[in-house]
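Fit chain B to the given chain A structure using the hints.
What follows is the residue order along each chain.
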Amino acid sequence: MVSGVIKVDNLLNKMTADLATLIKARELENPMMIGIRTGGVWVAEHLHQQLEIQNPLGTLDISFYRDDFSQAGLNPKVQPSVLPSATENRHIILVDDVIMSGRTIRAAMNELFDYGRPASITLVTLLDLNRRQLPIQADVVGDILQLADDEQVKLTGPEPLALEIRKKSNL
Amino acid sequence: MFAQQDPNLIQLNSAGQLKHFLTTEGLSRELLTEILDTADSFVDMSAQQVKKVPLLRGKTVVNLFFEASTRTASTFELAAKRLSADVLNLNIKTSSTSKGETLKDTLMTMEAMHSDMFVVRHSDSGAAHYIASQVTPHVAVINAGDGRHAHPTQAMLDMLTIRQHKGDFEPLKVAIVGDILHSRVARSQIHALRTLGAAEIRVIAPTTLLPRHIESLGVKVYTDMNQGLKDVDVVMMLRLQKERMQSALLPSESEFYRLYGLTEEKLKLTHPDSIVMHPGPINRGVEIETSVADGPKSLILKQVTNGIAVRMAVMSMSMSGQMTEHQAQQGGV
Numbered sequence: 001m002v003s004g005v006i007k008v009d010n011l012l013n014k015m016t017a018d019l020a021t022l023i024k025a026r027e028l029e030n031p032m033m034i035g036i037r038t039g040g041v042w043v044a045e046h047l048h049q050q051l052e053i054q055n056p057l058g059t060l061d062i063s064f065y066r067d068d069f070s071q072a073g074l075n076p077k078v079q080p081s082v083l084p085s086a087t088e089n090r091h092i093i094l095v096d097d098v099i100m101s102g103r104t105i106r107a108a109m110n111e112l113f114d115y116g117r118p119a120s121i122t123l124v125t126l127l128d129l130n131r132r133q134l135p136i137q138a139d140v141v142g143d144i145l146q147l148a149d150d151e152q153v154k155l156t157g158p159e160p161l162a163l164e165i166r167k168k169s170n171l
Numbered sequence: 001m002f003a004q005q006d007p008n009l010i011q012l013n014s015a016g017q018l019k020h021f022l023t024t025e026g027l028s029r030e031l032l033t034e035i036l037d038t039a040d041s042f043v044d045m046s047a048q049q050v051k052k053v054p055l056l057r058g059k060t061v062v063n064l065f066f067e068a069s070t071r072t073a074s075t076f077e078l079a080a081k082r083l084s085a086d087v088l089n090l091n092i093k094t095s096s097t098s099k100g101e102t103l104k105d106t107l108m109t110m111e112a113m114h115s116d117m118f119v120v121r122h123s124d125s126g127a128a129h130y131i132a133s134q135v136t137p138h139v140a141v142i143n144a145g146d147g148r149h150a151h152p153t154q155a156m157l158d159m160l161t162i163r164q165h166k167g168d169f170e171p172l173k174v175a176i177v178g179d180i181l182h183s184r185v186a187r188s189q190i191h192a193l194r195t196l197g198a199a200e201i202r203v204i205a206p207t208t209l210l211p212r213h214i215e216s217l218g219v220k221v222y223t224d225m226n227q228g229l230k231d232v233d234v235v236m237m238l239r240l241q242k243e244r245m246q247s248a249l250l251p252s253e254s255e256f257y258r259l260y261g262l263t264e265e266k267l268k269l270t271h272p273d274s275i276v277m278h279p280g281p282i283n284r285g286v287e288i289e290t291s292v293a294d295g296p297k298s299l300i301l302k303q304v305t306n307g308i309a310v311r312m313a314v315m316s317m318s319m320s321g322q323m324t325e326h327q328a329q330q331g332g333v
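So the sequence lines, in the order shown, correspond to chains A and B. As numbered in the UniProt record's numbering, residues 1 to 171 make up the first sequence, in order. As numbered in the UniProt record's numbering, residues 1 to 333 make up the second sequence, in order.
For the record, the hints were derived by calculation from the structure and aren't laboratory data.
Taking lysine-lysine pairs in the DSBU-like style, the calculated list, with each CA pair at most 35 Å apart, reads:
id	chain 1	residue 1	chain 2	residue 2
1	B	Lys173	A	Lys77
2	A	Lys77	B	Lys297
3	B	Lys52	A	Lys77
4	A	Lys154	B	Lys51
5	B	Lys81	B	Lys104
6	B	Lys266	B	Lys166
7	A	Lys7	A	Lys167
Isolated chain A, as found in the complex (with noise of 0.2 Å):
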């Protein structure tokens, strides 16, 4: 059951006014955009387009990468990573719809360096749910959301996209 429907418009407005003051700072010349399979990507997609970002998009699969292989096996869906130039010496934009535990942001990482070593690695999420378990915060996030124990967020996209707040049970 969806108990709440967030606009996500006006966040993602936010997190693009943001990520452009903090590239600016942070002089991340030529920064490349990588999104998190599935809506990581949507996210990214916005911002890449906002933002006028000039190297094509990477999308990042996590799958071969979870910490949880033994307890929860192999995600049937996974799809081969596509980066679209060398990650060496590269500022990457890490961009994922929500921000939970940080186990998939470490995995993440963890691919990124197989690919090479960074320059610098900036977080952008969507929503942060401040739950971490490991000590990993975004750079840049849309918005914080205190969510019951039997609540549960879900991004669906990509056109429209929309943030549902639905009941676990019912996901």
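Relative to the frame of chain A, chain B by itself:
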């Protein structure tokens, strides 16, 4: 030869996922497609600076090769290492009389070393199936070729190569040429091609190298190569397995080459966009002309590259199937 039951009773877990990979026979189109999709993701891993993923980190894979192999053994070893597993390679020669007992003893010894996966090659049909029925529940078994029965990873790397170059299987006419009688590869290819929906599967061989009742597998039989090759999209050559021939099945190699060797001239009979494959090692001038083996239609080296990706896929999927089954049992599901 080991007695076999329905392979899917043993190679699939209760959720229908792979937990051993023994044969392509009886596997669903969805599962074969999942193997190909997963393998595709591993193919792209070659773009990484570190060509390794941590999926089987901490797991021990034992390559149990009771029969000589270089290419298959090395691609399995590389696949396991690229999945971050620890790998032990054992080449075991056995006498025909002591096989059963030795096999069981070997298994128990390897299990005592806390192995998680056995990759098995054996000259007896059904050996991998037998081993899968004997191992403790958490151990996955991958068939790397058993007797004349099956060589499922070879068949799947062939399917991956075909899909990469032809896309859809449904419009394809495929010819399998040569020593069908002794070929475990041909059987696995036929089962996979049928399941994936190839329009027409032809086998081309002299009568002496055709198994009896091969038509029952749903193939068209040709003893004339010129007729059999007409308009086919894919030509899959087989190796002449001289080591398995116990009687004079061929007049001579040169006669075989004249009638069934794939030459430039014969290749002209196929579809203009046809592709040529061979599981290797190739016997130049026996099964295939050098200019064809090295020519623009040849995908022989591509098959080797794809072999690593396919083996990574079935190893990780089987391990995954074993682990999720174990989790379900632990949770009382």
